[in-house]
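Number of protein chains: 2
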Amino acid sequence: MNTIKYLLDEDKMPTHWYNVAADLPTPAAPALHPGTGQPLGPADLAPLFPMALIMQEVSTERSIEIPDEVQQIYRQWRPSPLFRARRLEKALDTPAKIYYKYEGVSPAGSHKPNTAIAQAYYNKIEGTKRLVTETGAGQWGSSLAFAGALFGLEVEIYMVKVSYNQKPYRRALMEVYGARVVASPSTETACGRAILAEHPDSTGSLGIAISEAVEMAVQRDDTKYALGSVLNHVMLHQTVIGEEAIAQMEMAGDYPDVIVGCTGGGSNFAGLTFPFIGAKLRGERDVRVIAVEPAACPTLTKGKFTYDFGDTAHLTPLVKMHTLGSTFVPSGIHAGGLRYHGMGPLVSHLLDLGTIDAVAVQQLETFSAGLQFARTEGILPAPESNHAVAATIREALRCKEEGKSETILFNLSGHGHFDLQAYMDFQAGTLKDFEYSDEEVAMALAGLPSVG
Amino acid sequence: MNTIKYLLDEDKMPTHWYNVAADLPTPAAPALHPGTGQPLGPADLAPLFPMALIMQEVSTERSIEIPDEVQQIYRQWRPSPLFRARRLEKALDTPAKIYYKYEGVSPAGSHKPNTAIAQAYYNKIEGTKRLVTETGAGQWGSSLAFAGALFGLEVEIYMVKVSYNQKPYRRALMEVYGARVVASPSTETACGRAILAEHPDSTGSLGIAISEAVEMAVQRDDTKYALGSVLNHVMLHQTVIGEEAIAQMEMAGDYPDVIVGCTGGGSNFAGLTFPFIGAKLRGERDVRVIAVEPAACPTLTKGKFTYDFGDTAHLTPLVKMHTLGSTFVPSGIHAGGLRYHGMGPLVSHLLDLGTIDAVAVQQLETFSAGLQFARTEGILPAPESNHAVAATIREALRCKEEGKSETILFNLSGHGHFDLQAYMDFQAGTLKDFEYSDEEVAMALAGLPSVG
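For the record, the sequence lines run as chains U and H.
For the first sequence, position 223 matches number 223 in the UniProt record's numbering, and the numbering has no gaps at all.
For the second sequence, position 108 matches number 108 in the UniProt record's numbering, and the numbering has no gaps at all.
Isolated chain U (complex conformation) (with noise of 0.2 Å):
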């Protein structure tokens, strides 16, 4: 009883990216000007992102070639494997299918490349010379240190300041890469500036480093701004993710009940998600989809859905998401890639028509889950992916109980390799859980702008 790999042929590969966009019942609503209220039109955010990403943002096709070069990258490391977790079922000793889709075999040891490089792709023939982002865990900052490397362009990140400090390993693999790594809150922007002035301690928070970024950006020609979650264009890049495993679980003979994934920005889910709900919504085959989030940060499960900012200084488009308001700070978990308070639309749109579901689950159920799939299929997940485990585990106990062989699908984004100071609190018993309260959410809730 091993574990078993399907492999896709690279003739296989997906030549198009899937945009959910085309098959929803009802459009999701319109990214508004944080100046006037009015909806965004491309000439709005050319300051931000190349044309062919603003074109993607709002495209309503439902394929999206994928460019030749593009996908000449992503062939060194996809299509990325499907496994079958057949030791993690006999220890759970489950009459449910328990399968895999494994992101950490790219070079940065997540998901975050699958976008990261298109991105970079497209800024490099649109004439961009430096690229500009933030980070929180380092995930997407290391990913887009690897793609700025080889597409010759300059790359600057913001990185949380905590992290920054905690996570120097992360800092240090961008700076392998070549990029510029800035603790935010910097004395390099204006924004950065006024937070310090009020707060000379401020450990930063993303929405911090999402103005720092965003103000870096427009301020020069040659410039852009890169985001690695949340947006529709990060959203349809990674759905390379679920085409491939379409084409891995026919190859399995078989069709998930349930899919599950991680969300903070929502594009590890939506990657893996999106081709399947798509599907769905042309009602050619049904699935559960379970989106799982942190409980100290629980956008989904907690949050309002409204117009909210993307960031704390206000610089950023209204989009209408899930959101704990712009001013919410979460605990101190490691899952610092599920950390942002609010949520990729097209997700919040998703969970709003009731086509998907979302469940918020404590941070030691997650490392206790990534303990026993490491001791059982050997790959140690990242704490973001720790909460996929856990909730597919919860599904496979489900099973057991009712009796039910269901086929349970879910997304392992990442490698914990760089996460090991997590595994070592959680076996010495430091680690705690978090729970924000209804009137904690509330008191959050409140600052949110009236919008929309």
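What the hints contain is simulated information worked out from the structure, not anything from laboratory work.
Beyond 12 Å from chain H on every Cβ pair, some chain U residues (computed):
(1) R193
(2) P298
(3) V359
(4) E365
(5) E401
(6) K432
(7) F434
(8) E435
(9) D438
(10) S450
Derived EDC-like pairs (lysine to aspartate or glutamate); straight-line CA-CA distance at most 20 Å:
(11) U:K12 to H:D11
(12) U:K5 to H:E69
(13) H:K124 to H:D222
Where is the CB? At the ideal position from N, CA and C, for every residue including glycine.
Assemble chain H onto chain U, guided by the hints.
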């Protein structure tokens, strides 16, 4: 001009390991009993290893079947990819063609699981309950811990104290897999206590850690010892790398003129090169083979080819190998996996026969090479693997000078995601080169035993 991947179909995965002993023009010298100085019989090794591994240690059969269970587990990450490094070629502006076999795709991030899985399997079927081993940098320890988790074996690891303190994350990975990790020298063994009595502040060495592990293993019938390099059966298990590479080079329509591997105990080097060396020894196909070692531990280039102990306390058999003496303490370079006073007897024998070449490189050159590799090929190499990258770049630049389009193949034995401190030190300019003078080497060699 992007990296090209050659991925072998799973049904073409090797079903047998290749044993170079079958093709040697003269046999390697036998191991000797440390007490009597007489050649060892299988019974002498029985307290340390299961009989199946002892038989592999002395076998001269050319092909040894890989057990089905081991093949199944290999298939989780094997066949590993072979890449053509076209982006690196372009950066070097070389007419050479550079290929690399990438072993960092295993769950532990290096080639070590190839033998860890096999050793755990044979121990399991012969009734072993507990495996004891040593580890330096931690690649081997984490691989055996992973294998132990899959087979339900207890694993106890004596980790060189300086690494235990400096590399807590490597230790954490072993503990995640359920292993018990002990800082060596420890008070748990007689030889550990003896060393601590004399040198209370000893930071340990691989030689000491081996002594402790061997001492523990022989004390209990249900406990065996496991070694991650040096021995013939370890080299054997690693040949799956080279066998796959032969098939993959065929897919690429190419054959190496030069093969490069880094050498500590010799196992990743042997794994890639032995199947090619077999063809060379049988007169089928010529190839130049280069073993690359650190100037800070110049076993092959400055050591003596003679009988020596594998450990400090002289508990192991005497093996004929290139050695700097079992009391030699290599300087603290970051490539911990290459810091061993001796060398696998088969690798030493092949150097003595003139079948392979050896070269020593300095630490700064290896990290400079690793950085260039990461920025072109995207994969961050382990510090050990950087030695192979450095020698490959030397060869590629020689080809450029000579205007020759040679084909170079090297083994990228592991990823460097656990080794970012080393890269940080390199980029901060605090890393140093280190080379032993002939006088220092002569002094170390003066302590060699007068046997054999």
